[in-house]
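Enquirer: Sequence:
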Amino acid sequence: MRNKLGQVALFVIIAIVLVFAILAFVFFRKGFSTDQIPEELQPVFDYYSQCLLKEARTGTDILGIQGGVINSGDYLPGSDYAPFSSHLNFLGSPVKYWYYVSGNGLIKEQVPTKSQMAKELGDYITEGLQDCDFRSFISKGYTMDIKEGDLKINIEDERVLVASIAELTVRKGDLVGRKSQHEIEVDSKLGKFYDLALDIYNKEKDEFFLEQYAVDTLYNYAPVDGVEIQCGPKIWSSRKVESDLKDALQNNLASLKLRGDYYKISDKKREYFVIDKETDESVNFMYLKDWPTKVEISGEGVDDEVMLAQSIGTQEGLGILGFCYIPYHFVYDLSFPVLIQIYNDNELFQFPVAVIVDKNLPRVADFSVNFEGEGDNFDLCKFKNQNLELKIYDYSFNKVNANVSFECFNQKCRLGESKDGKFMGSAPSCVNGYLVLSADGFSEKREIFSTNSQNFGEVFLEREYELEVEDDKNRVGQNTIITFTREDGKTSTAVLPENNKIKLSEGDYEVKAYVYGNSSFKIPASSKTQCFEVPKADLLGFFGSKKEECVDVNIPETKIDFALVGGGSSSSYILESDLEKGTIRINVPRFTQPRSIDELQNNFASLESSKLNLEFGK
Numbered sequence: 001m002r003n004k005l006g007q008v009a010l011f012v013i014i015a016i017v018l019v020f021a022i023l024a025f026v027f028f029r030k031g032f033s034t035d036q037i038p039e040e041l042q043p044v045f046d047y048y049s050q051c052l053l054k055e056a057r058t059g060t061d062i063l064g065i066q067g068g069v070i071n072s073g074d075y076l077p078g079s080d081y082a083p084f085s086s087h088l089n090f091l092g093s094p095v096k097y098w099y100y101v102s103g104n105g106l107i108k109e110q111v112p113t114k115s116q117m118a119k120e121l122g123d124y125i126t127e128g129l130q131d132c133d134f135r136s137f138i139s140k141g142y143t144m145d146i147k148e149g150d151l152k153i154n155i156e157d158e159r160v161l162v163a164s165i166a167e168l169t170v171r172k173g174d175l176v177g178r179k180s181q182h183e184i185e186v187d188s189k190l191g192k193f194y195d196l197a198l199d200i201y202n203k204e205k206d207e208f209f210l211e212q213y214a215v216d217t218l219y220n221y222a223p224v225d226g227v228e229i230q231c232g233p234k235i236w237s238s239r240k241v242e243s244d245l246k247d248a249l250q251n252n253l254a255s256l257k258l259r260g261d262y263y264k265i266s267d268k269k270r271e272y273f274v275i276d277k278e279t280d281e282s283v284n285f286m287y288l289k290d291w292p293t294k295v296e297i298s299g300e301g302v303d304d305e306v307m308l309a310q311s312i313g314t315q316e317g318l319g320i321l322g323f324c325y326i327p328y329h330f331v332y333d334l335s336f337p338v339l340i341q342i343y344n345d346n347e348l349f350q351f352p353v354a355v356i357v358d359k360n361l362p363r364v365a366d367f368s369v370n371f372e373g374e375g376d377n378f379d380l381c382k383f384k385n386q387n388l389e390l391k392i393y394d395y396s397f398n399k400v401n402a403n404v405s406f407e408c409f410n411q412k413c414r415l416g417e418s419k420d421g422k423f424m425g426s427a428p429s430c431v432n433g434y435l436v437l438s439a440d441g442f443s444e445k446r447e448i449f450s451t452n453s454q455n456f457g458e459v460f461l462e463r464e465y466e467l468e469v470e471d472d473k474n475r476v477g478q479n480t481i482i483t484f485t486r487e488d489g490k491t492s493t494a495v496l497p498e499n500n501k502i503k504l505s506e507g508d509y510e511v512k513a514y515v516y517g518n519s520s521f522k523i524p525a526s527s528k529t530q531c532f533e534v535p536k537a538d539l540l541g542f543f544g545s546k547k548e549e550c551v552d553v554n555i556p557e558t559k560i561d562f563a564l565v566g567g568g569s570s571s572s573y574i575l576e577s578d579l580e581k582g583t584i585r586i587n588v589p590r591f592t593q594p595r596s597i598d599e600l601q602n603n604f605a606s607l608e609s610s611k612l613n614l615e616f617g618k
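Start counting the sequence shown at 1; every next residue gets the next number (the working numbering).
Hint data in this document are derived by calculation from the structure and do not stem from the laboratory.
As the structure is a computational prediction, the values presented were derived from the model and not from experiment.
Take the hints with a grain of salt, since some may be wrong.
As the list claims (entries may be wrong) - Dumping the calculated EDC-like pairs for lysine to aspartate or glutamate here, alpha-carbon to alpha-carbon at most 16 Å:
#, residue 1, residue 2
1, 264, 281
2, 522, 557
3, 114, 158
4, 419, 447
5, 54, 167
6, 234, 300
7, 172, 145
8, 246, 216
9, 490, 304
10, 618, 580
11, 501, 458
12, 289, 242
13, 501, 466
14, 618, 506
15, 359, 278
16, 490, 305
17, 501, 464
18, 391, 458
19, 269, 216
20, 611, 466
21, 277, 333
22, 490, 462
23, 503, 305
24, 114, 61
25, 501, 303
26, 257, 271
27, 490, 506
28, 445, 464
29, 147, 120
30, 277, 167
31, 246, 333
32, 359, 379
33, 559, 599
34, 203, 290
35, 192, 61
36, 152, 133
37, 503, 578
38, 391, 345
Produce the complete structure using the sequences and hints provided.
Expert: In structure tokens, the structure reads:
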């Protein structure tokens with residue numbers, strides 16, 4: 001029993017000693033700790049924390065505005081081939097594209113990670129703390145010593161935590177205060193907004209929903225495919241179609257929403273604009289028509305000014321149709337940026353992506369690229385290892401300063417600009433690539449050039465002149481359509497009286513003119529029986545036996561509002577000296593006003609034998 005009591009007493013003594021040891025440690029730590037701050041010195045430490053908070057909040061805002069990037073890096077310009085630079089300029093802020101096609105045609109993906117965002121924020125705070133101004137404290141007798149350390153940053157859903165491991169020592173008189181860790185917290189949804197942005201981006205990668213809306217807008221607001229019952233031509237202004245399409249994209253894309261409660265739908269039809277993704281945040285999709293945009297329209301009857309579709313059924317030999325119609329098919333290539341914004345009253349996270357429609361269809365580009373476009377997405381333009389010397393003239397041997405580019409496969413590299421008609425630089429090695437030269441007042445020149453075996457060339461550019469086209473016989477209610485087709489296939493079209501300016505270079509041209517005027521006659525409705533042979537349905541059909549089947553074809557009444565009343569053609573070599581005069585006056589023969597389909601077809605027959613007379617100058 002005595003031994004047991006002795007053991008208990010020993011444990012009690014040990015416990016008492018431990019308690020006193022702990023109390024002593026706390027007392028002495030409190031009395032001598034370097035992190036114990038005298039009250040008089042506390043304002044200096046508070047000011048440092050405020051500096052830390054200010055830089056962290058500003059850096060967090062910049063990350064949101066610039067798509068998760070503070071240091072936006074080098075600016076890479078776009079080109080005529082692809083209008084996108086590496087950044088979208090949004091109200092003066094360079095916002096990196098998360099996806100775009102570079103000026104030389106390479107797919108680029110620039111999606112930051114959270115760790116990259118944290119590192120950039122840390123670098124920004126570290127640099128900003130250098131500007132923390134302690135002069136007001138120094139004037140009051142304080143001295144400060146800061147030993148820089150690391151920053152630890154954690155980006156959470158609704159806050160950003162920043163811990164600065166930097167020893168700050170403050171002295172005033174006999175007072176000394178020291179603190180080695182400073183922690184602040186920024187109220188921010190940066191992490192949550194970023195996660196949602198990444199979800200939206202991945203949805204776009206998987207589904208191309210922005211391209212789908214762009215295609216729908218294209219078919220609803222621009223002429224793509226169609227057939228119209230009409231005996232005159234159908235004419236569109238290329239520039240107006242482009243402008244109207246940009247307006248439609250701007251308005252329609254602004255209507256897009258994610259599923260959520262940050263908006264109200266007044267009309268059931270507006271559900272078309274709701275993207276199938278839930279969110280409890282506000283999301284906006286933005287495109288502005290002034291942003292870099294490429295609209296290329298191709299098809300028969302298309303040039304820079306006019307889109308023209310001719311009627312079928314009026315030509316000689318087609319009277320069997322009994323009516324006229326206009327089929328048309330135009331092909332569009334679109335490239336434009338969309339800025340996706342996630343926001344609330346206090347905060348914004350935004351990032352742009354390039355939206356691409358290829359030949360009326362959503363792009364099918366390969367997204368399997370590494371960040372910053374590395375990996376298999378080989379950038380040929382980085383390897384300009386062949387010396388190149390060019391001398392550039394017009395056809396009078398005058399020196400021309402031009403922009404020089406080089407195309408190889410699907411990439412286009414800008415090489416630079418000639419000076420005093422001479423270009424010296426370097427280009428990638430390529431067999432049967434294309435030199436592409438452009439200059440104000442000249443037609444673009446494309447010339448096959450193998451940089452692997454050629455290092456010198458002389459290039460001649462054709463001067464291009466803007467001319468005003470006149471038809472002296474043009475009357476109210478008439479449109480004169482005049483096409484100039486050069487031997488190389490290049491076509492320019494004037495539609496008088498509205499579009500009377502064209503651009504031409506010297507060359508051999510086929511010139512055609514059509515004059516259409518108001519008309520009022522009708523082709524009555526009719527029906528006829530059309531018979532044709534089809535294979536028999538039994539075994540005999542297998543051996544080629546056929547039978548005749550007949551169907552009734554009903555032809556609707558066709559009103560001729562616009563009919564051919566003049567026209568003709570001519571072949572002419574147009575000299576540069578003629579083009580310099582600035583005006584082409586064309587005498588276009590006129591026909592009788594048609595009052596029946598037969599008379600209309602007679603006018604088309606007369607068209608083939610009528611000759612145009614071209615005069616240059618006033």
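Enquirer: Determine for every hint whether it applies to the structure shown.
Expert: The hints, checked one at a time:
1. 264 to 281: holds, 14 Å
2. 522 to 557: This hinted pair holds, its Cα atoms lying about 7 Å apart.
3. 114 to 158: Within the cut-off at roughly 14 Å; holds.
4. 419 to 447: violated, 20 Å
5. 54 to 167: Roughly 19 Å separates the two Cα atoms, so the pair is violated.
6. 234 to 300: holds, 12 Å
7. 172 to 145: holds, 12 Å
8. 246 to 216: holds, 13 Å
9. 490 to 304: holds, 11 Å
10. 618 to 580: Satisfied, since the Cα-Cα distance of roughly 12 Å is no more than 16 Å.
11. 501 to 458: violated, 32 Å
12. 289 to 242: OK: residue 289 and residue 242 at ~10 Å, within 16 Å.
13. 501 to 466: holds, 7 Å
14. 618 to 506: violated, 19 Å
15. 359 to 278: violated, 32 Å
16. 490 to 305: holds, 13 Å
17. 501 to 464: holds, 13 Å
18. 391 to 458: The given pair, whose Cα atoms are some 5 Å apart, holds under the 16 Å limit.
19. 269 to 216: Satisfied, since the Cα-Cα distance of roughly 15 Å is no more than 16 Å.
20. 611 to 466: The hint is violated at about 24 Å.
21. 277 to 333: violated, 28 Å
22. 490 to 462: Distance ~13 Å between residue 490 and residue 462 Cα, so the pair holds.
23. 503 to 305: Cα-Cα ~10 Å, so holds.
24. 114 to 61: holds, 15 Å
25. 501 to 303: holds, 13 Å
26. 257 to 271: holds, 9 Å
27. 490 to 506: The hint holds at about 12 Å.
28. 445 to 464: holds, 12 Å
29. 147 to 120: Violated - the C-alpha atoms of residue 120 and residue 147 are around 21 Å apart, more than 16 Å.
30. 277 to 167: violated, 47 Å
31. 246 to 333: Holds - the C-alpha atoms of residue 333 and residue 246 are around 13 Å apart, at most 16 Å.
32. 359 to 379: Not OK: residue 359 and residue 379 at ~25 Å, beyond 16 Å, violated.
33. 559 to 599: holds, 15 Å
34. 203 to 290: violated, 26 Å
35. 192 to 61: holds, 14 Å
36. 152 to 133: violated, 23 Å
37. 503 to 578: Since the Cα atoms of residue 503 and residue 578 sit roughly 13 Å apart, the hinted pair holds (cutoff 16 Å).
38. 391 to 345: Distance ~59 Å between residue 391 and residue 345 Cα, so the pair is violated.
In summary, the structure is inconsistent with hints 4, 5, 11, 14, 15, 20, 21, 29, 30, 32, 34, 36 and 38 from the numbered list given earlier, while agreeing with the others.
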